[in-house]
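Trainee: Below, each chain spelled out in residue letters.
Protein chains: 2
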Amino acid sequence: MDLRIVFLGTSAATPTDERGLSSIAIARGNEILLFDAGEGMQRNFVRSSLRMNSKMKVFITHMHADHSLGILGLLQTLSLNGRTLPIDIYGEPRLAEFIKYSTRLIGFGLSFDVNLHSIEGEGLLAREDDYVVTCCEADHNVTAYSFCLTELERPGIFDIRRAIQLGIPEGKLYKQLQSGMDIVVNGRMVRSSDVVGPCRPGRKIGISGDTRPTEKLSKFFENCDLLIFESTYAEELRHKAIENFHSTAAEAAKLANQSGARKLVLTHFSTRYRQNKQLLEEARLIHENVDDAHDLKVIHLPYRQ
Amino acid sequence: MDLRIVFLGTSAATPTDERGLSSIAIARGNEILLFDAGEGMQRNFVRSSLRMNSKMKVFITHMHADHSLGILGLLQTLSLNGRTLPIDIYGEPRLAEFIKYSTRLIGFGLSFDVNLHSIEGEGLLAREDDYVVTCCEADHNVTAYSFCLTELERPGIFDIRRAIQLGIPEGKLYKQLQSGMDIVVNGRMVRSSDVVGPCRPGRKIGISGDTRPTEKLSKFFENCDLLIFESTYAEELRHKAIENFHSTAAEAAKLANQSGARKLVLTHFSTRYRQNKQLLEEARLIHENVDDAHDLKVIHLPYRQ
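Chains as they are written, first to last, in this note's numbering: chain A, 158 to 462; chain B, 158 to 462.
One copy or two, it doesn't matter: identical chains are merged, so the pair holds either way.
In silico EDC-like links for lysine to aspartate or glutamate, alpha-carbon gap of 20 Å or less:
no.	residue 1	residue 2
1	Lys454	Glu175
2	Lys373	Asp296
3	Lys373	Glu294
4	Lys454	Asp174
5	Lys434	Asp174
Keep in mind that the hints were calculated from the coordinates and are not lab data.
In this text, all values refer to a predicted model and were calculated from it rather than measured experimentally.
Given only the sequences and the hints, what does the whole structure look like? Please build it.
Mentor: Written out as structure tokens, the structure is:
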């Protein structure tokens, strides 16, 4: 299944000429999963190729304005574009309150249903047939969460030539073998593993939101194919990172190493950095596969080989 | 006094690739007057040369999301940029409620005071030494206002050569004459009008917000130097303009003619118009001085000659 990450906003706290406020879209098959909705993120949503009437879930890491305010404008614009599918929104309890209150006060009149889910603790947030989204407490100066999108294992590859060799008739028995059942054909046992390869891992993507690096997060992000981690500061401002409950690029890289993340993408840059050269350099000294996000950057994430 | 208009958002309802949501700044001397704050307008505020810590008043025409939501992000960004001066915000009562509730819920912690003023009816909203801002009911599908910024008359030009000829000693008497008082010098009456020219008119700028054209508005906007009027549609969609309580470009031009506006600037364009050629042409058939707004367009408005 095609999976691409589209960065809709990559600036910390305030927007710049080139960077909007935090928002990341994962377009996976026909569904969009949005992580954070900083004010004005709908502008890059409109500019991107993301579709207004896709199945959609929105996860908000925390209630700071630069991560949450854009949800209202997004809902309004989706509605004005005739969205009909319901939308599921996940965040700490104040998010639901904010959305309910504001849409009522301003009189939104949305064209679709909004299902509000309050995050009350860590663990499973959303489950579909082939993936789950889970959350873990982050270490910020307000209640904040990090998220993982984890695809479930896919069945192994079915070896049709082998199945034909073994004289298995096409149809129901193929299905049984593929689902892991052993069968008997012509009085002979055929094990699923005779014709079906080993299960293939799904992809795992981690999204930090605003946080200090923690042991807990490095476990939560274990084995990510792609880890998107905030790197508000360069190493020389680590004291500011500590003071403001953010991370440096080097700290993000260190955590990515600890958790065994294959690829690290830095985002959420302080407006003092017009270019990210320094941050990238510092992170690349530590982790071998680091990239930096910019608004409307797209990353296609293939399955692990 | 230098006065320039900066368009911070010129799209109707939803943003496009090139146009943000409604917002107009008037930078007058050291003060900024903002009219509407559509979501994401802070982005163009940051891009423009407008200063974060200027004296500032904000006027919101109505509570539709594309005109009001951006106020929260603007306040947040002004605060993160260290603003210290208070800010005055004017809008219908729900605006004050929305700002108070949201800033409390999200825990903004602003670095400056916000003075919320509820518009309860038409008339004077704000008065300074040399200008007033007034409002008039617009004709939209929710409570909505149009605004005028009207500069007070400036004193006439003081003819120093004539004053010297008349033997008037420099100082206090000059001031008295300039303020309109007649004086007696060497036993001879000198009238103010002998040395001071006629009062010079200030500038008047009208801002429609979302509205149908009305008789009342054409009176309210009488004699504007610059009228900024919404023109959501071209004439062929006048039925939509009526249905949605908006105006066509031609209707805006007709109202500008009726009110004797010297210059008309069209804004608030439906996203169906990638270019405004048709709207401009239709308006220019009716009014001789019509221009169209685009994001970050700047108009310097000199005094009338």
